[in-house]
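Whenever a hint applies, use it, and build me the whole structure from the sequences.
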Amino acid sequence: MHPKWNLAVTMIWLWLLYLAGIHIFTTGFLLRRMEIVNKSHCNHNFQFNPDVKDRYHVMDNKTCIPPQYHRAIFIIIDALRFDFVKYDDTLNHASFYKNKLKIIHELITTRSHQSRLYRFMADPPTTTMQRIKGLTTGSLPTFVDAGSNFETSQITEDNFIHQCRKINKTMVFMGDDTWEGLYPNVFNRSHPFPSFNVKDLHTVDNGVLRHLTPEMHRRDWDVLIAHFLGVDHCGHTYGPNHPEMTNKLLQMEHVLRKIIANIDNDTILFIMGDHGMTRTGDHGGDSDDEVTAALFVYSGRPITIDQPDQEWKTVSQVDLVPTVSLLLGQPIPFASLGLVIDELFEISNNSKINMYHRIELLRMNAWQVNTYLKTYSQLADDFLGPVALQLEQQYTALEADYWNDVNRQQAMPLSKQQFMNIRQGYQNYLKNAREHCASVWAKFDMITIGFGLLILIMAIISTLIILQRQQKLQQSVAAKMEIDHTINWNIKLAYEVWLLTLITLIIIAYFTHLLHVSYILSMIIFIATLASVIACFYTHCQANCNMNCILPVNLLSSMDNQMIIIASCYAFHLLCYFSNSFIITEDSITRFFVQTCALMYTFKLIRNNACSSLKKEINLTTLGGNCLLTLAWMCSNRIAPIFYSCREEQYWCTPSTLLNSPAGLSWPYKAISFVSVLLVPILISLTVYSYNFNATTYGKLLLWCTPVCSICIICYWLILSLPESTLKSFLPWQHVILPRMVYAIVIIILIALFSKSTMKKIAKISDNESLGLTGLEVITKLLLLLLSFPFMMLLGCGLAPSILLCLFGITCFLTISHSSRLLSIRSNSGSLMSCWTQILTWEMLCSQSYFVTGHQNTVVTIRWSAAFTGLHGDSNSYVLLGLLVVLNTFTAQIIFGLSVTLLMPMIQYPKLWGKYHQHKARQMISYNTLFEIVIYFFLFCGIKVFVSALAATVLRRHLMAWKIFVPRLLFEAASFLTTSISALIGYLIAYRFIDISDGDKHR
Amino acid sequence: IKVVISGFIVTALAVPIMFLMIVLFGAQLTEEINETLSLASLLSVLCILNTASVLGTSSELWIRVLILHRPISTIETMVMFTCYGSILGAWLGAFTIPLDWDRPWQVWPIPCSIGTMAGYALGLILSLVENKLFINISHSYEKDYKFA
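Protein chains in written order, with the working numbering: chain P, -2 to 1000; chain Z, -5 to 142.
Worth flagging that the hints you see were computed from the coordinates, not collected in a lab. Ideal Cβ positions, reconstructed from N, Cα and C, are used throughout, including at glycine. A couple of the hints might just be wrong.
Per label pair, the in silico range of CB-to-CB distance [what the hints assert, rightly or not]:
hint, chain 1, residue 1, chain 2, residue 2, range
1, P, V672, Z, E26, 24 to 34 Å
2, P, L628, Z, S0, 17 to 27 Å
3, Z, W95, P, T808, 48 to 58 Å
Derived coverage of chain Z by chain P (criterion: at least 3 residues anywhere in the stretch with Cβ under 8 Å from a Cβ of chain P; other residues may be distant) [claimed, not checked]:
hint, region
4, 30 to 36
5, 40 to 54
6, 68 to 75
Below is the structure:
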């Protein structure tokens, strides 16, 4: 096998090592809850109090207790925050969202017995799918579920909907199509509408309204569910403080009035929000604004004779499931952890009978939870064991107390005080159970976490070993001009061991039918990885006979002051992962470090210049030019914060207006964006002309097509900045045609760029001396410039100039660092070794550019709206939509990953080749240097992932763990993925280019 | 006396440069100008004033001592150490600003000023140690220079 393939195999092996580490760590860290498919039934062993049971005259086999209502209507208004509903008497200034739903206030004041309003506390994560799951199954979510919001999968756990289905209730649904994904073919009549397009405020709501009125009059249903999305979409698009929100709420008020007018005595109406929204209109996290929704209950006849409390009661979202189930006389779903809201239940006018009834309900509820916990702890090894045992004891004690009290005398002996005590006891038990479950399911699998960390560390060490090997290779090449082909074979061996072990274990697992457990899968990966790493270490030690080769001795020995400071910047950055305030201010901190690096490189430049000035060969004009360039670069870094978006925790931060849609931008600023878009084709044509390939077909293609791209983008933004009403009159294809044209043009040009003939042509422009590496530089530059079209379009009008800032930073950094190295090479012997500080700085630039493109490491700041550039919101290919969001979020990572090959030292100093006369040696060196650069890049990104994983592990019980550290870890892992994949692509491009230009020369 | 006067002039000239640098590193340009200016002048006084008094206005001397790190006399060593010490101190001082401890000393620019002075003091002590131990700094830096 050709040695260059050894390098590729090694790189892929290392990459897989990191991936395995990340995978195993995350499976341990983000634990799943086991789903139990058991269903509840009525003919259970629950022992009623005979006194109470006698009064349940109408008991048929369909219902467990006499149903209080036969029909239920659920109106879900997505993101209905509590303060949207609560009437504020003291409101003295105009608000866009307060006091808009007056009907609810009217009902509460005029028909206080028929209506109840609650604070409805959602469990984080507050995404719609999680909430629908919670609202129907009554179970608690785990963090992992949050990611699956856009790939809805059927619910297998017992739930309210299936219970209704079982007793042949007629169910009608209309609204958000997430429901249809969770409950396919369950509803008798279903009218789903696409939910993904958040810019579309009206399709879902109008669709629901179209069907709601006829359905209300048909009266053949038992359960009606209507899910409105307008308020949520309005929040996402405009935020709560916008006239659109007022319109939406007034529309909702109108709908509610109509519905309420049609409610009869046998129907109960629930109006609820599934979650709230932040002050910017987003949701997903666990802040108070996001979890506090509203629940309003109304019926045509008095619900209860109790007087409502002055303060609004707080109920949990899972409490809805047992309450509704018992109101309709159904069993409580098996996995529900809710606590029945007993004040809504009443079977007679006698308050004592009612009390007995309520106690029965609580007992049923406690019985169901106890059964669930028992089953769960049996099935899921002793995962919940000790807690379940303790809770069961509590349950048994409560039951015993109750029967003691009841059996003391005959015929309803309990006093009101005793009732209150019993009620309190059961409520406490149920609350306890829920809290325990929540805390247990947030528990971490420390063994898997440890394995994950171990693999990450081993991946880092293996990278260091391979780098060590590379260094030796370079030395041997420099000294003897011979290439040791065997030097990498053992890495290949490690790779083969890895593959073989993996395949064998998977086959074994398959035949033993164990594969469906995710735990086993990660164990297999772990064992395989471990085996391969051991193989690698073993062969390495055999070759070297001592362990201290693992340590990066050579790296450390060649450090000077500037390098130490740059390295300590990186080290400080790593330490930042352990402090919440540093993560919150990470955007400024990375900027601070980048500025330091810029100064350091300039200082080094001056120093090297001063060194050579001693030898009387100073060039003051280039020095001055470079200093000015640094200044410009630092200034551009300093103005970059106008593109930053705000974290929730950054209270001092005012959200940048540039993140808005083009309609919200001022005209002068739009002009700047337009100019920046137009600059890209100018830069491209400058490149084309300066390398003299304007005459070729490809050059012409570039010159003619790229301005079209810019014009398309500008027109697209102009269309977007039209007023809302005009925009609505556009047909769907008119919205997407311009972005699609841009995608098409860019893809065509890129394919043409990577075709063999173009690459050959570009290879010709570079002189023989550099083995065609100037051509590689041209290709990478063109690639970056071409990609900046779709990136600019995805980032939107406001953020488009930030791409230019990033490209400017890349150019400045390359110029300054290379010219300083050139000087040191000229004055010293000079080595071809890729300089690791440069790659380190590259990594830091990358993480700074992430913030410059308007992102933060929080789930809320992901800009989902990017998915609509060029695609219909209702298009079904979630893969494409997701891809666009990923491209938007990790723009910086992709740019820096793809162009990491620009760091190849030979690109800048072709003269260095002089030493290597043999063609073969040159080729080998270029392959090896490329390999080394990418490996270094992996190493630095991998260390960051490792440290953030470590920080998340150490601080897993921290107050801010799920808000700051875990999102940081997830973003770090995701950015490692995108960076490494794009670096691999960049590597392959360079590879192909060298191959092609090389083959050309042979002929 | 002439050297001292020129030193003052150089220091005065250094203040706007320092100000620019501090702003580039993240200080507000429009707000708290007085605070930033005071830090800039502190830095200039500690870094530049005595350097200028010792080295005068000869650019060759400046390059040799500050950029090539090859001081010849004791006082040049001291100047070099204090100058770098105070800049490094200011740089390190900035690290405490984002912490959410809400201490009164975390107000801009106090951490940086403290860092500057601590760095200056440390530089003084280090230069004393260096001179006392008779380590030939110029020699040790010559090796360093070779690698650069």
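L628/P paired with S0/Z, Cβ distance criterion 17 to 27 Å: 26 Å, holds
8 Å C-beta test of the region 40 to 54 of chain Z against chain P, three or more residues: violated (count 0)
Residues of the region 68 to 75 of chain Z with Cβ under 8 Å from chain P, three needed, outcome: It is violated: at least three residues are needed, and the region 68 to 75 of chain Z offers just 0 whose Cβ sits closer than 8 Å to chain P.
Outcome for the supplied range 48 to 58 Å, where the beta carbon pair is W95/Z and T808/P: Given about 40 Å between the Cβ atoms, the range is violated.
Outcome, coverage hint (the region 30 to 36 of chain Z, chain P; C-beta under 8 Å; three residues): violated (count 0)
Supplied distance hint 24 to 34 Å, evaluated on CB atoms of V672/P and E26/Z: The hinted range 24 to 34 Å holds for V672/P and E26/Z, with Cβ atoms some 33 Å apart.
Of the hints listed earlier, those the structure fails to meet are numbers 3, 4, 5 and 6, in rising order.
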